[in-house]
Amino acid sequence: MNLKMKALTKSPWVYHLSTGSCNNCDIEILDCLTPRFDLERFGIQLVGSPRHADALLVTGNMTLKSMPRALEVYNQMPKPGVVIAIGTCSLGHGIFDGSYICPKTVDEVLPVDIYIPGCPPKPEAIIAGVAKLLNKLAGK
Amino acid sequence: MESLTLKYFGYFIGIGCILTPLAGMLASWVDRKVTARVQWRVGPPLLQPFWDFVKLLGKETVVPRGSARTVFLMAPLLGFSAVALVSTILWSTIVHPETGFVGDLIVVLYLLMIPSMAVILGGFASKNPIASLGASREMKLILGYELPFILACLVAVIHTEGSIRLGEIIIYQNPETYGPVGAKLSGILAIIVCVMVVQAKLTCVPFDIPEAETEIMSGPFVEYSGPPLAVYKLTRMMMLITLPVFLVILFLGGMHFQGWAILWSILKVLLFLVLVTLIRNTNPRVRIDQAVRFFWGPMTVIAVAAVILALTGN
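Line by line, the protein sequences give chains U and L. For what it's worth, the working numbering labels the leading residue of the first sequence as 1, then goes sequentially. For what it's worth, the working numbering labels the leading residue of the second sequence as 1001, then goes sequentially.
No false leads were mixed into what you were given.
Cross-link-like lysine-lysine pairs, in silico, BS3-like; alpha carbons within 27 Å at most:
(1) U/4 x L/1033
(2) L/1127 x L/1140
(3) U/10 x L/1033
(4) U/65 x U/104
(5) U/136 x U/4
(6) U/79 x U/4
(7) L/1127 x U/65
(8) U/104 x U/122
(9) U/132 x L/1033
(10) U/6 x U/132
(11) U/10 x U/122
(12) U/104 x U/132
(13) U/6 x L/1033
(14) U/10 x U/132
(15) U/10 x U/136
(16) U/79 x U/6
(17) U/6 x U/136
(18) U/79 x L/1127
Derived, one-sided and incomplete: chain L residues facing chain U with beta-carbon distance under 7 Å:
(19) 1039
(20) 1041
(21) 1042
(22) 1054
(23) 1055
(24) 1213
(25) 1218
Cβ pair distances, simulated, as ranges:
(26) U/128 x L/1107: 47 to 55 Å
(27) L/1177 x U/5: 53 to 61 Å
(28) U/5 x L/1178: 52 to 60 Å
(29) L/1117 x U/2: 31 to 39 Å
(30) L/1185 x U/135: 55 to 63 Å
(31) L/1311 x U/34: 46 to 54 Å
(32) L/1117 x U/92: 45 to 53 Å
(33) U/30 x L/1140: 25 to 33 Å
(34) L/1077 x U/3: 21 to 29 Å
(35) U/128 x L/1174: 54 to 62 Å
(36) U/135 x L/1296: 49 to 57 Å
Derived from the structure by calculation, the hints contain no laboratory data. Here the structure is a predicted model, which means the values were calculated and not measured. For glycine and all other residues, C-beta sits at the position ideal for the given N, C-alpha and C.
Using the sequences and the accompanying hints, generate a full structural model.
Printed below as a string of structure tokens:
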């Protein structure tokens, strides 16, 4: 494993991208950063600009309006970077399945690396998912 | 002559570009760990700042369309080289107080302003409204804090009979003869002013108005990615160790490296570092007009009072 990927797994900075979610997953993501779960132990930081990000946390069911914007944010993220889909809506469409407003799922628009199911997923589930992704990147 | 140039170049590479970044990473870890403990968290591991830096070096560099490419990429290096130069001057003065040149205090004061200038240049060059907003706020902040900072530094100069050589300031503060400036009343007032100014120079809360993560998404750095961002982060880490060392030289009698004095010297630097961290963790962010009013009002008054007290020998 090269130094570049090792450093990436040691300090993934995440950017929070909501593509039409109901805010439930977003609140659970913020929960991960609270003292109880303390993601800074793994070097994970929430950043405000996609230019600083190594991982996109995508929530929501990718509405028609947010499709081009999500793609633009993904292109703004410097590579190498990963995409993490959080919540049932971003895995399929959840309860919005068949709606005219979301013709595509998240993974048809962005190259998703890992899916974290749940409506909303618990902070523990999000942390477990991110840890699995980091292990995958580290080649374990 | 040539050997002397070579020697100082070696100092610059060895101290400024290798040792100070390492010390800065350590200081940054202390900062983040203390922050975490204040918030009842565990906090990052020791090597975290190092991994952040290495990771950013390995990322892609994105130059936004329409930006001033040269300035955009050179601005981080400008700030880095200024801090490296400052720390070289400071550490070589600490190790050999009798060397140095007349007026190196003034040079240090000027060079300490350049990292902020680099942030402004980078912000304006990146063609992003948020970055421009952050850069203009940084500019106002500099206008605010430079006057009280220079007045507070004057206190140390007045106490050491008008010496503007850092080495002489250290020698004057020998505990057997004169004692540290910080033990005098004027010195204490000057330290209060300087700590607030350091807070603003590092753009820590309550004066993180230019970057304001929750408001304008890290301001001037918003378009930076990869290695240029890494250099900015490294510059900030180096400032985190250089500014406390500068204050220790001015007010607490410098650092000494014989026997137990090493421990005492490290404690002096840690004192300022932890003070900055604690202020950052217990205060809300102020508005830019409040910050400028704070520095031109109470801080300048305190600094002037300290200068007058110093002139009367207190």
